[in-house]
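*Asks:* Spelled out from the first residue to the last, the chains are:
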Amino acid sequence: MINISSIKINENNLKNINIEQGKIIGLFGKVNSGKSSILLAILGQSIKGCTFNRESDIDIKEIAYIPTNAEYLFSGIKSTLRGEMQLSAQFLNRPIPDITSIAIKFNVLQLLDRNPFSFSGGEMIRAALSICAVKNPRIWLLDQVFDFLHPDAALEIHNMLLNESQKGKTIVEVHSTYPSWAEDFNDYIFIDNIKKDKKENSYSTSQNINDKPKESHQSKKPLCILKNIEFKYKTGDFKLGPINTNFYSNDIVAIIGPNGSGKTTLLQCIANFNDNMTGDLSISGKYPTKKKWTWAKSAIYCFQNPDDQLYKSTVIDEIKTTIKSLGNTIPIDLNEQIRQFGLGSYLNAEPYQLARPLRRMVCLASTMLSGSPVILLDEPTANLDAEFKEIIFNRVCDAASKGSAIIIVSHDLPFISALANKTLKLLNGKLIN
Amino acid sequence: MSISPARAVGWTIICSSLSLFSSLIIFELSITLSLILVILISTMSIKVITRFIILSAPFLIPLLLIHGVINPQFEQTSLFFLMPIRNDGILFAVSTYANISVFLALAINWWHVDRDNMIDWLIARKIPSIFICLIAQSAAMIPLIERRGFSVLRSQNARGIPTGPNLFHRIKAIPSIILPVITSLMNEADHRSYTLWSRGFGQSQFSGVQLPLGQRSDFFYIISVLILPLTVLHMIDLL
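Sequences listed follow chains X and U, in order. Residue numbering for the first sequence follows numbering that gives the first Met the number 0, starting at 0 and increasing by one per position. Residue numbering for the second sequence follows numbering that gives the first Met the number 0, starting at 0 and increasing by one per position.
Among the hints, erroneous ones may be present.
Here are the simulated DSSO-like cross-link-like pairs (lysine-lysine), alpha carbons at most 27 angstroms apart as the crow flies [unchecked claim]: (1) X:K323 <-> U:K125; (2) X:K60 <-> U:K125; (3) X:K233 <-> X:K323; (4) X:K104 <-> X:K60; (5) X:K166 <-> X:K220; (6) X:K22 <-> X:K238; (7) U:K171 <-> X:K289; (8) X:K220 <-> X:K296; (9) U:K171 <-> X:K319; (10) X:K166 <-> X:K219; (11) X:K421 <-> X:K220; (12) X:K290 <-> U:K171; (13) X:K47 <-> X:K219; (14) X:K323 <-> X:K296; (15) X:K233 <-> U:K171; (16) U:K171 <-> X:K296; (17) X:K220 <-> X:K233.
A few chain U residues that face chain X, going by a derived Cβ cut-off under 8 angstroms, partial list only [said to hold, decoys possible]: (18) P127; (19) S128; (20) S175.
For the record, the hints were derived by calculation from the structure and aren't laboratory data. Predicted model only: the values in this text are computed from it and were never measured. Think of the CB as a built atom: it goes at the ideal place given N, C-alpha and C, for glycine as much as any other residue.
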């Protein structure tokens with residue numbers, strides 16, 4: 000159906016790629032290897048640094064493309080998912096299909112009349128699939144969309160795509176590590192030296208997992224106290240809490256739960272972002288104030304989207320800015336510490352010129368080197384390959400051993416089960432034991 | 000309260016035409032004031048009228064003070080508690096206010112047009128999809144930018160960059176807010192171009208216009224550039 004030849008990404012030549020009908024194809028590559036560029040080449044788009052020849056007998060209208068940030072699929076022109084689905088058909092000059100049957104197929108019936116920008120991670124991907132389904136595509140391209148999803152939600156979506164492949168549709172999934180359903184793939188494309196080895200997801204790190212901090216807290220004072228923390232968004236019925244828990248120095252705490260269970264909301268409550276939060280939050284005896292920026296000295300937060308943070312001209316300046324803004328002194332060996340985050344080659348690079356996972360690493364480095372006692376990480380391993388995940392694993396252990404409490408929201412269960420010494424599970428905004 | 004797109008378009012055409020042809024101040028004044036009244040009353044909404052008063056009132060007093068009292072180009076006609084009164088200046092001020100107000104009334108009219116109805120209305124009239132995208136995407140991007148601005152502000156606060164409490168801190172924080180908004184907006188425009196294009200935007204049959212490969216992102220860049228001033232204004236408002 001589609002043949003991509005003479006592929007050259009950043010001066011590296013890659014072998015030809017053939018996309019055949021009815022296959023489920025896994026496309027694997029490390030961070031910055033050009034996975035997304037290849038997916039775009041299949042779509043017929045060329046981006047800077049990537050050249051190729053493309054032969055195809057199918058039209059763009061028969062290809063569905065879901066980017067890493069599925070939100071980009073929603074134009075915002077219509078205020079509901081139903082409207083966006085109708086718009087797709089109208090712009091393709093096709094009769095509007097049976098929206099309800101598509102919604103049932105992709106489990107978005109209850110989302111049809113909601114604003115797509117209010118969806119949680121899993122809802123967003125299912126909605127993106129349903130929008131693309133309007134044009135009844137022959138090929139589905141998915142660019143690392145599973146990393147922000149709970150494993151059950153990711154599997155549910157993969158199974159939806161499996162059903163499509165049984166109808167003769169082609170599925171191309173991009174991954175930086177091996178998914179649990181890797182056996183389902185009929186074909187594997189390896190962009191670099193990632194091997195077909197399930198050990199990709201195990202953490203045989205230089206730091207012995209058994210050595211991770213697992214101290215008894217009986218004799219210690221809690222570093223961070225959450226007492227009757229509750230929060231409700233202005234719209235919708237979701238309510239977080241009441242949450243009662245303590246975090247201690249050296250803690251590595253994982254917050255897990257399905258998409259939309261309130262994990263990120265809880266993390267943002269600890270970061271003092273949510274104005275309507277009630278209850279008592281304190282870190283080292285200090286209480287949050289309306290001057291939100293002062294709270295970073297007590298709890299620093301690393302967002303999923305690195306582009307909201309970066310504005311300095313070099314990586315090193317970006318990291319220094321965070322340290323200085325907290326009033327801390329720049330360590331003498333800062334460059335060495337940044338190198339430990341795998342950013343040694345990019346110290347003087349412009350952050351915005353880096354690939355997204357590297358930009359994410361810059362943000363993670365600036366957060367973890369800031370010297371704040373509580374470090375809050377939201378999906379730190381999403382879209383990263385095994386090598387970078389191992390780097391984060393070691394850096395988190397290192398920060399915890401120096402006395403920080405690290406609180407992580409993640410769907411990467413192998414990662415957090417190897418790393419965390421305490422796990423909080425959330426379901427519908429409530430902590431469950 | 001929702002105003003039909005047809006009505007909003009109609010008022011826009013009438014007001015634009017009259018503002019082009021009217022030249023006498025008195026004629027202009029009477030026409031514009033009656034237009035404002037008709038536009039607002041036709042909406043039959045207290046909310047619309049209140050919004051109009053709130054937005055337009057701040058223009059009137061400074062205009063009256065500048066032209067009716069201070070501006071020496073207009074002849075002084077009387078004194079009011081030692082304050083010079085210039086009748087022609089007052090007329091000019093009221094006329095200018097009326098001109099501003101008629102556009103405010105129109106803007107408020109458009110504000111209350113339901114976006115979804117508007118798009119359906121344009122599609123039903125076979126307007127080329129590329130123009131619909133251009134119009135609608137510009138409007139749709141404003142809430143997206145608003146959200147992006149809020150995220151950036153929160154992200155910078157989260158790493159301790161102060162955006163207050165005084166003016167000095169706010170001015171100092173402007174690069175940390177504006178630069179990520181602009182750069183991420185350009186980045187987002189680039190990515191959105193691939194995805195929306197793959198959805199069929201800008202390539203429909205009835206548009207008669209199909210953007211060639213490699214150039215369609217320019218279309219979204221144009222949109223981004225159009226809304227950059229709005230971004231800056233919004234950021235200043237956020238701070």
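*Asks:* Look at each hint and say if it fits the structure.
*Replies:* Checked hints:
Of the pairs offered as hints, the one joining K323 (chain X) and K125 (chain U) is violated, with about 57 angstroms between alpha carbons and a cut-off of 27 angstroms exceeded. The straight-line distance between the Cα atoms of K60 (chain X) and K125 (chain U) is roughly 20 angstroms, inside the 27 angstroms bound, and the hint therefore holds. Of the supplied pair hints, the one linking K233 (chain X) and K323 (chain X) is violated, its CA atoms being roughly 35 angstroms apart against a limit of 27 angstroms. With a CA separation close to 21 angstroms, the supplied pair K104 (chain X) and K60 (chain X) stays within the 27 angstroms bound.
Between K166 (chain X) and K220 (chain X), the direct Cα distance comes to roughly 60 angstroms. Violation of the 27 angstroms bound is thereby established for this hinted pair. For a cut-off of 27 angstroms, the pair hint linking K22 (chain X) to K238 (chain X) is broken: about 43 angstroms separates their Cα positions. Our distance criterion of 27 angstroms between C-alpha atoms is met by K171 (chain U) and K289 (chain X), whose separation comes to about 19 angstroms. Distance restraint check for K220 (chain X) and K296 (chain X): the Cα-Cα separation of roughly 19 angstroms lies within the 27 angstroms cut-off, and the hinted pair is therefore satisfied.
Proximity of K171 (chain U) to K319 (chain X) is assessed by CA-CA distance (about 17 angstroms); at most 27 angstroms being required, the pair is judged to hold. With a C-alpha separation of about 60 angstroms, the suggested pairing of K166 (chain X) with K219 (chain X) is violated against the 27 angstroms cut-off. Simply put, K421 (chain X) and K220 (chain X) have alpha-carbon atoms about 16 angstroms apart, close enough for the 27 angstroms limit, and the pair holds. Between the alpha carbons of K290 (chain X) and K171 (chain U) the distance comes to roughly 16 angstroms, so the proposed pair stays at or under 27 angstroms and holds.
A threshold of 27 angstroms between alpha carbons decides the hint, and for K47 (chain X) with K219 (chain X) the separation of about 54 angstroms lies outside it, so the pair is violated. A distance of roughly 11 angstroms separates the Cα atoms of K323 (chain X) and K296 (chain X); the hinted pair therefore holds under the 27 angstroms criterion. In summary, the hint linking K233 (chain X) to K171 (chain U) is not supported, as the alpha carbons are separated by about 31 angstroms, beyond the 27 angstroms threshold. For a cut-off of 27 angstroms, the pair hint linking K171 (chain U) to K296 (chain X) stands: about 19 angstroms separates their Cα positions.
With a C-alpha separation of about 35 angstroms, the suggested pairing of K220 (chain X) with K233 (chain X) is violated against the 27 angstroms cut-off. Because the beta carbon of P127 (chain U) sits about 11 angstroms from the nearest beta carbon in chain X, more than 8 angstroms, this interface hint is broken. Hint status for S128 (chain U) relative to chain X: holds, with the closest Cβ pair at about 5 angstroms, below 8 angstroms. With its C-beta approaching chain X no nearer than about 6 angstroms, S175 (chain U) sits inside the 8 angstroms limit, and its interface hint holds.
When held up to the earlier numbered hints, the structure conflicts with 1, 3, 5, 6, 10, 13, 15, 17, 18 and fits the remainder.
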